[in-house]
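First to last, the sequence lines map onto chains X and Z. In this text, residue positions in the first sequence follow the working numbering: the first is 199, and each later residue adds one. In this text, residue positions in the second sequence follow the working numbering: the first is 4, and each later residue adds one.
Think of the hints as simulated: they come from the structure by calculation, not from any bench. Treat the numbers as computed from the prediction; the structure is a model and nothing was measured. Mixed in with the good hints, there may be bad ones.
To be verified - Below, computed lysine-lysine pairings styled on DSS-like, alpha-carbon distance capped at 30 Å: (1) X/Lys-368 to Z/Lys-261; (2) Z/Lys-261 to Z/Lys-249; (3) Z/Lys-38 to X/Lys-368; (4) Z/Lys-169 to Z/Lys-38; (5) Z/Lys-169 to Z/Lys-249.
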Amino acid sequence: MTADAAADDAETTAAETEASEAGDSDATATAGTDHAIDGDAILRLRDLDAGYGDLQILSDVVLDVADGEYVTVVGPNGAGKSTVMKTVFGLTTHMGGTVEFEGEPIHGLAPEQIIREGVGFVPQNDNVFPGLSVRENLEMGAYILDEVPEDQIETIYDRFPILRERSEQKAGTLSGGQRQMVAMGRALMLDPDLLLLDEPSAGLAPDLVSDMFDRIDRINDGGTAVLMVEQNAKEALRRCDRGYVLVNGENRYTDRGDVLLADEGVRQDFLGG
Amino acid sequence: MGTTDSSIVDAARARPGLLFVVLLAGLLLVDLAAKLAGVGLGPIGGSLSVDRLGSNLWNGVVIGLVIGLAGIGLSMTYSILSFANFSHGDLVSVGAFSGWGVAFLIAGLGDIPVRALLTVRDAGNASPGAIGAHILTTPGAILVGLVAAFVVTALLAVALDRAFYKPMRDRDGISLLIASIGAALIVRYLLQFGYGSDRRGVTASVDASNLAFDPLGLSVNAHELTILVAAVGLMLAMHGMLQHTKLGTAMRAMADNKDLALITGIPAERVVTATWIIGGGLAGASGYLYVLLRGTIQFDFGWLLLLLIFAAVILGGIGSVYGAIVGGLVIGVVFTTSTIWIPSDFNQAAAFAVMILMLLLRPEGLFGGVTTA
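Turn these sequences into a full structure, and let the hints steer you where they fit.
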């Protein structure tokens, strides 16, 4: 009985969503819905279904990141934004579709292998080892190498000079912004071609948020492609090359960041008008 | 009354347990001073020689080092694999039997059947003294025995992991704990099956060598000195490994945050294997040294020792390697010095009382929150 009722509910909701979607695209939507790009992509998600255990979160997700591109995924809470990121990194249950990185399928690989392929991941929470020094945190980022890459540590210290000062300090004693730098530095230790950032502004004091976005801009300017999930959608869309709007684990809109920002439907649904 | 008085009263109201412990400790210190001075004031005081106090403290340090050494492995498996390993005590026993078997084999080969030697048994007329298991007469055999204890126990720890714990890696700590009790029973009764259940003497007490030297009026025998050197050496090696090697850093990283270690590319299974090798090996070494201290061996002594090891680890803050060492020393000293006030039958109770007080007053332990680092 209850199951039937729930199924009815779900059907109704789905129908309503479809209706409103159709309505939006007729009336105000100018944002694109062509989720794949024309040229070569280093990251290519096709018809991706994924979730946790038996629970499916993503269905038929299509997403591309070109070489050196800065792509943002936005959407309401529970849209599956973080799940996209975790799926690319092999941390969810793959249920269908493909994830290709630089032309090779990587779905089904373990995180350790995906790191070797050239993907770095900065998770949202608990993204440093608090009991390890700043330097040890960075060294762990290059664990798969035989030798500690001193020149790469220097590059990261040049990028985030405060980390050089705090080199021997335990990461657990750093401020939120500095921890975020340690986390990014760790993910950059292998000089990845693609950096995955899960809500990098979460938990940061408001005055630090724009510094953090500036740092991501500079990482991207250095040639590293960035795929970012962000709660702070307006700022993220302003900064990125392209944005994906995800709703209920499905693609909704895909376009340049400024086009999405200007789109009436996107604004009303996710950006608070 | 002044403000000082009221703030003391407030503090006492806020933490009556702490006040009680401070008062009790003060009373014991006054009593100890009176005893040393030879003053008797009713129930307080009596007589106690400085030598006896000194030897109590020294014995406490030695047994504390052995307990601390065993505690390191228990704390490591707790912090890296997130479960309390109840088979750890029986790993201690395995180290003792395998190590002493090898030591006997080297010291007594030729005169006594190999089977008797390997099962740590004196055959016929041959006493442990005749086999000559003593650090001064057969230092090589004792040393090789220590290495064998480490290696055999490390291998068994890895084998137990592959057989029982690895297939359950994703399960919660309680399931693993119960599995470890099963593993403990299997190991213990295999030991009984292989080695018999009688308590027997192992080391020789050679009179002339009993007194190695006596600094500060303490009588320090050669075996105690061996334990001190071996245990401190192993602890220093452990410290160097944890702080200054890539593997040690990865262990601390795993203890800090397993999920992050996974996405950082740290090969979790290799770190887990290393944890068992080191933790199991140290447990085996500590069992071997414990027998060197006590002079006797019995199939279930490690299991009986496990409670004290747990007390030490909890006292130091479970999950902390350094806490385990300090906790071991505290438990060891309490264990031996408590006999100044209470009959020696109750000295284990004194050690557990200290652990319970710690849990009541500072549940995170001495080094709480500072995981493996």
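Please verify whether Z/Lys-169 and Z/Lys-38 have alpha carbons no more than 30 Å apart. violated, 55 Å
30 Å limit on alpha-carbon distance, applied to hinted pair Z/Lys-261 and Z/Lys-249: The given pair, whose Cα atoms are some 16 Å apart, holds under the 30 Å limit.
Is the straight-line distance between the alpha-carbon of Z/Lys-38 and that of X/Lys-368 30 Å or less? Status violated; Cα separation ~47 Å.
Pairwise hint evaluation, Z/Lys-249 against Z/Lys-169, where the allowed Cα distance is 30 Å at most: holds, 23 Å
Between X/Lys-368 and Z/Lys-261, is the straight-line Cα distance small enough, at 30 Å or below? Satisfied, since the Cα-Cα distance of roughly 18 Å is no more than 30 Å.
Checked against the numbered hints above, the structure breaks hints 3 and 4 and satisfies the rest.
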